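Number of protein chains: 2
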Amino acid sequence: MAFTTKASIASFGGKLLKLTHVSSSTGTDMAVNVFLPPQALTTPPQKVPVLIFLSGLTCSPENCSEKGFLQHAAARRGLAIVYPDTSPKGIDIAGAKDTYDFGEAASFYIDATQPPYAGIYNMETYLTAELPAALFGDAELGAWLDPARVSITGHSMGGHGALTLYLKNPGKYASVSAFAPISNPTRCPWGEKAFAGYLGDDRDEWKKHDATELLAGWVGRDLKALIDVGTGDNFYKQGQLLPENFEAAAEKAGVTGYEVRYQKDYDHSYYFISTFSDDHVEHAAKYLGL
Amino acid sequence: MAFTTKASIASFGGKLLKLTHVSSSTGTDMAVNVFLPPQALTTPPQKVPVLIFLSGLTCSPENCSEKGFLQHAAARRGLAIVYPDTSPKGIDIAGAKDTYDFGEAASFYIDATQPPYAGIYNMETYLTAELPAALFGDAELGAWLDPARVSITGHSMGGHGALTLYLKNPGKYASVSAFAPISNPTRCPWGEKAFAGYLGDDRDEWKKHDATELLAGWVGRDLKALIDVGTGDNFYKQGQLLPENFEAAAEKAGVTGYEVRYQKDYDHSYYFISTFSDDHVEHAAKYLGL
Numbered sequence: 001m002a003f004t005t006k007a008s009i010a011s012f013g014g015k016l017l018k019l020t021h022v023s024s025s026t027g028t029d030m031a032v033n034v035f036l037p038p039q040a041l042t043t044p045p046q047k048v049p050v051l052i053f054l055s056g057l058t059c060s061p062e063n064c065s066e067k068g069f070l071q072h073a074a075a076r077r078g079l080a081i082v083y084p085d086t087s088p089k090g091i092d093i094a095g096a097k098d099t100y101d102f103g104e105a106a107s108f109y110i111d112a113t114q115p116p117y118a119g120i121y122n123m124e125t126y127l128t129a130e131l132p133a134a135l136f137g138d139a140e141l142g143a144w145l146d147p148a149r150v151s152i153t154g155h156s157m158g159g160h161g162a163l164t165l166y167l168k169n170p171g172k173y174a175s176v177s178a179f180a181p182i183s184n185p186t187r188c189p190w191g192e193k194a195f196a197g198y199l200g201d202d203r204d205e206w207k208k209h210d211a212t213e214l215l216a217g218w219v220g221r222d223l224k225a226l227i228d229v230g231t232g233d234n235f236y237k238q239g240q241l242l243p244e245n246f247e248a249a250a251e252k253a254g255v256t257g258y259e260v261r262y263q264k265d266y267d268h269s270y271y272f273i274s275t276f277s278d279d280h281v282e283h284a285a286k287y288l289g290l
Numbered sequence: 001m002a003f004t005t006k007a008s009i010a011s012f013g014g015k016l017l018k019l020t021h022v023s024s025s026t027g028t029d030m031a032v033n034v035f036l037p038p039q040a041l042t043t044p045p046q047k048v049p050v051l052i053f054l055s056g057l058t059c060s061p062e063n064c065s066e067k068g069f070l071q072h073a074a075a076r077r078g079l080a081i082v083y084p085d086t087s088p089k090g091i092d093i094a095g096a097k098d099t100y101d102f103g104e105a106a107s108f109y110i111d112a113t114q115p116p117y118a119g120i121y122n123m124e125t126y127l128t129a130e131l132p133a134a135l136f137g138d139a140e141l142g143a144w145l146d147p148a149r150v151s152i153t154g155h156s157m158g159g160h161g162a163l164t165l166y167l168k169n170p171g172k173y174a175s176v177s178a179f180a181p182i183s184n185p186t187r188c189p190w191g192e193k194a195f196a197g198y199l200g201d202d203r204d205e206w207k208k209h210d211a212t213e214l215l216a217g218w219v220g221r222d223l224k225a226l227i228d229v230g231t232g233d234n235f236y237k238q239g240q241l242l243p244e245n246f247e248a249a250a251e252k253a254g255v256t257g258y259e260v261r262y263q264k265d266y267d268h269s270y271y272f273i274s275t276f277s278d279d280h281v282e283h284a285a286k287y288l289g290l
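In the order they appear, the protein sequences are chains A and B.
Take the first sequence: its letters are residues 1 to 290, numbered as in the working numbering.
Take the second sequence: its letters are residues 1 to 290, numbered as in the working numbering.
For the record, the hints were derived by calculation from the structure and aren't laboratory data.
The hints are all genuine.
Pairs count within a copy or across copies, as identical chains cannot be separated in the list.
In silico BS3-like cross-links for lysine-lysine, where the CA-CA straight-line distance does not exceed 30 Å: (1) K67 x K6; (2) K264 x K15; (3) K252 x K224; (4) K47 x K264; (5) K168 x K193; (6) K237 x K15; (7) K89 x K67; (8) K18 x K47; (9) K89 x K168; (10) K224 x K208; (11) K18 x K237; (12) K237 x K6; (13) K47 x K168; (14) K6 x K264; (15) K15 x K67; (16) K18 x K172; (17) K208 x K172; (18) K237 x K67; (19) K264 x K18; (20) K252 x K264; (21) K252 x K207; (22) K224 x K286.
Note that the structure is a prediction, hence the values are computed from the model and not measured.
Bound conformation, chain A alone:
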């Protein structure tokens, strides 16, 4: 296949593949983990729906594969989980490794327009075009993954990624969910720093990549969205997440079919994700026809 298999690990009756491939979008090697549930690993292979999980700041595909517990429900319901990489890595860009909330640790899943990131940090193109084409078109992986049934979820920066890619691409994903998403990045410090660095100073450009802003112009009505936020999450308390803004924008836009749950005392960690990952897999399964 076009991917190099670094490891194949038995997990919950299925297997987790740790893969890498060369990305033309970024010009770098990109890692991606794919969990195949037992329902796919039949003879002949069976195509199963796919849930994409976008990770948060500082993460790699490894963190949620190990600590998110999505495989538990995915194995029961027969979903594959795809854990993409979080940014281009292994290239020398000034400043890209200096902070936890910008550069290699924090692509924000957009296509950068500003030097030195433009032409390399093309994560939106990578996630919406190159990676799906590579996975679904692969001679081996394509036998297990159904390109017609894909949903998306993510955590923190990855929650921002999931919500924005969903809103920007009507019909591409069957549903969306998010754990503690950065819901209104144009109005929080993390988002302001990232968008200024990747997109420049024009705040109107930033709005094209902000889930709360995108709601006003969204063509659909039924959002098919589940969002969980922990009330003990320090980043929520610091105003980095702003889910209330997303809720207000959804109400103003007349959007329905979404649930934002404030989970008492939960923090921003994988302890929070693992507690509610069954629910998020079930949410996706419902819209993926399982």
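Place chain B on chain A using the hints.
For chain B alone, coordinates are given in the frame of chain A:
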């Protein structure tokens, strides 16, 4: 309480407490994580049964708390999980930090008799006497933890710990289970190195701390044991685990009530543990009257 609370983290409807206390057995600070299920956190508090999880080489209480997912079934069934520390740490002993399979990374849960470990590496005393007394006698924790209903489990070196502490202390634990346990340490490189270092050269002394050897003199008949081993586990293939020796000894001793499951393709990692942790919690729950 006698413990210092380093963190209290919401998890699966309950909470995970990260605690430390000063141990008189070891003369050091010891960490211990305690997961309290929602069933305990009522008003007034409810005493719930306890499952002790002993970790493997190089681990701390953190690894399994984050990646083992015992909390999932424990929250459903109403068990507390206690994740003890794996060795005395923070003291300067020559050689104790040099290798991954001896010293700080690998106490083997015994009381050392050889210098420089004697008098400090008293893990058996710590686990069977001091830690339970501290937990159950604590004004706060004691309201949640039932001293009359305790089972034990563990992984790799912790599987050895669980099996040997169970066999040495009839009636102390309601049941035992193990993930990929070092089942016959007197006959594998890990065990030989550890026992020589902690116990000296007398191999008859070693046998007192070997689950396979202990079976011959065990007073019970119904072992109430569940053991899982992955057939893709490199340490199993290298002869570090030797579960077949344990099975043969159990058969020879006329012991019943145990199941050793060889799980196809599973490795030695937390991917393996998390896949089967529901089963091990259910095994304990059955014998703890839940």
